[in-house]
Amino acid sequence: MSVAEKPTAVGDDAARRAAADLVAGLPSAPAVWCSGLRKRYGRQQAVADVSLEVGRGEIVGLLGPNGAGKTSVIKMLLGLVHPDEGEVMLLGQPGTDPAARARVGYLPELFRYQPWLSATEVLALHVRLAGIAVTAKDQRDCLTLVGLAERAGDRLGGFSKGMQQRLGLAVALVAGPELVVLDEPTSALDPLGRADVRDIVLALKARGVAVLLNSHLIGEVERVCDRVVILDRGRVAASGTLPELLGQRELRLQLTDLSAQARARLAATGKAEQEGEWFTVALPVDDIGTAVPDLVADLVALGARVHAVEPGRISLEERLLGILREGAVARSGEER
Amino acid sequence: MTTARTVLTIAALTLREASRRRVMLALGVLTVALLALSGWGFSRLAAESGGSALTSGEARLTASIVLNLVMFGFSLIAALGTAFLAGPTLSGETESGIALAVLARPIRRSAFLLGKWLGLAAFGSGFVVLAGLAQILVVRATADYWPPEPAAALALLAAQTTVLLTLAVLLSTTISPMASGVVAVGLFCMTWVAGVVGGVGESLGNEAVARIGTVSRMLLPTDGLWRGAMHAFQDPSALLQFGDEGGQAFPFLSVVPLTATYLAWAAAWVAMVWGLAAASFLRKDL
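One line per chain: the protein sequences are A and B, in this order.
Numbering (the numbering used here) for the first sequence: 1 to 336.
Numbering (the numbering used here) for the second sequence: 1 to 286.
One or more of the hints may lead you astray.
Said to hold, decoys possible - Partial list, computed: chain B residues near chain A (C-beta under 8 angstroms):
1. ARG20
2. ILE98
3. LEU100
4. THR261
5. LEU286
Stated by the list, open to error - Listed next, with one range per pair, are the computed distances between beta-carbon atoms:
6. B:ARG21 - A:GLU150: 40 to 50 angstroms
7. A:HIS82 - B:ALA264: 28 to 38 angstroms
8. B:ALA26 - A:LYS161: 27 to 37 angstroms
9. B:ALA4 - A:SER28: 25 to 35 angstroms
10. B:ARG21 - A:ARG16: 49 to 59 angstroms
11. B:ARG21 - A:GLU326: 45 to 55 angstroms
Unchecked claim - Coverage of chain B stretches by chain A, computed from C-beta distances (three or more under 8 angstroms per stretch; other residues unrestricted):
12. 158–165
13. 197–205
Simulated from the structure, these hints should not be mistaken for lab results.
Backbone N, C-alpha and C define an ideal beta-carbon position, used for all residues, glycine too.
Please construct the entire structure, taking both the sequences and the accompanying hints into account.
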């Protein structure tokens, strides 16, 4: 190599390092990104216009009534159904490329696995198809995690529905996924199984794995999800974090010996309603956690006797029903 | 590389399904029964000719015809077996939901389809070649008859099975599992009958009737390949005994060997029909 070339080589190296730093500094692409998904089956518009995003390590719940298009959206994300329009990106790669699904685990709503294989063989098959090296021990651990360790060598033909769904969960988890898509993961499980799934989802979140969870069980979604997307008739009816969707929180207080000043203090916090000794006060939206203790301290200082303080919250179920009813009313208005 | 691994994994899975679902066992039992029956028949035949009731030429003719008849039985079993296997394994899996979890893996649908096809082809071809070989050995032991081109004949039987299962794969990407098996086997039998009718037409010198056989052999090459296989199994002197016209009309003798052009057409037909199956499967919403 000549002396004149040396600086160029050093320059190349520096440029490469700079480029690597730049890429490392970029925020990683979301786990799921889709825009303008549409799908029509014959006359039925199953999905009208759905755009959504699941960040890395985020747990997003998909809610909506039957026929809202939730499963169709999930299948379009995974390339199982071809969208009429719209784009999908999985873990930063276009969804049309099968390689985008290398780090994606999926439990279908209709979970069926080869009945002539054993649970261990099903996992081995999926590991091979995923093209990712997973040791036999890790595969066994995965079966243990879903509670199937004792049935690992049995053929699936003799499995109950609940056991098959547990196996489906193991299949979704086995190949080191960075995104897990669970379509009604607890539909065949008993309450104990549901609690297991909840724990598993929370463990995935702790490991930074993104989860897209479609479930009818609103309580389940409310407990584990960071964000919720509500679909209605193939469109996104609402989406946001739980506090955003559920809006204001309320406080219920049982008070006696209430002076006029204490009443004024109560009214200053937010809109208050009285029912006998019980008062319901809306808390400010921008509350950073000080509103309740401050209010109680001030009320006591103003001579009021505080018998009970209960946090009240609009449940996700109430909110969901509200959104769906608003949609129905708006539609009937348009029709008229 | 990964595509090749996917194809081989799915092919191996298909073979494992055939074995675990006792298809192999059932075929094995049927084959042994057919072999035993034909072995007994051939030994009776040999006893007759030994007692000089038949001339050696007649004995060879009879052995040729009966061998072709038994081989037809095997090819029918293979055709029915693969056609009815292709339905459940492909459209059955998409219907039941087994395909959902598999196809959500980072694999191409064309690789999945090719794996299924390869597994079925290996299964069907493996069966006819093994059963056919066993049958040839039985005939040799009992009637002392060895066909002129056994390897070519067995290869043509395998090709015939592959042609039919490719059709069954195409059908199973478009219609229900049950219907795909029924339609594939129905078309197979229709082509065979059309071939026989065409042979009768030829022996009678009726061109219009003869054309039925020619056209059906182009549309579905199973019958053409089967006739090529028969020609390779039978004794060349058998046709001399029958005469060309009689041979044409007889369903278990074949007058002419296969041409290279026809073989090329059969290969192109398989590629084309597989391509249609892949195009249909790729577009399918699961």
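Hints versus structure:
no. : hint                                   : verdict
1   : ARG20                                  : 4 angstroms, holds
2   : ILE98                                  : 5 angstroms, holds
3   : LEU100                                 : 4 angstroms, holds
4   : THR261                                 : 39 angstroms, violated
5   : LEU286                                 : 4 angstroms, holds
6   : B:ARG21 - A:GLU150: 40 to 50 angstroms : 25 angstroms, violated
7   : A:HIS82 - B:ALA264: 28 to 38 angstroms : 35 angstroms, holds
8   : B:ALA26 - A:LYS161: 27 to 37 angstroms : 29 angstroms, holds
9   : B:ALA4 - A:SER28: 25 to 35 angstroms   : 31 angstroms, holds
10  : B:ARG21 - A:ARG16: 49 to 59 angstroms  : 56 angstroms, holds
11  : B:ARG21 - A:GLU326: 45 to 55 angstroms : 53 angstroms, holds
12  : 158–165                                : violated (count 0)
13  : 197–205                                : violated (count 0)
Violation of the numbered hints given earlier is confined to hints 4, 6, 12 and 13; the remaining hints are satisfied by the structure.
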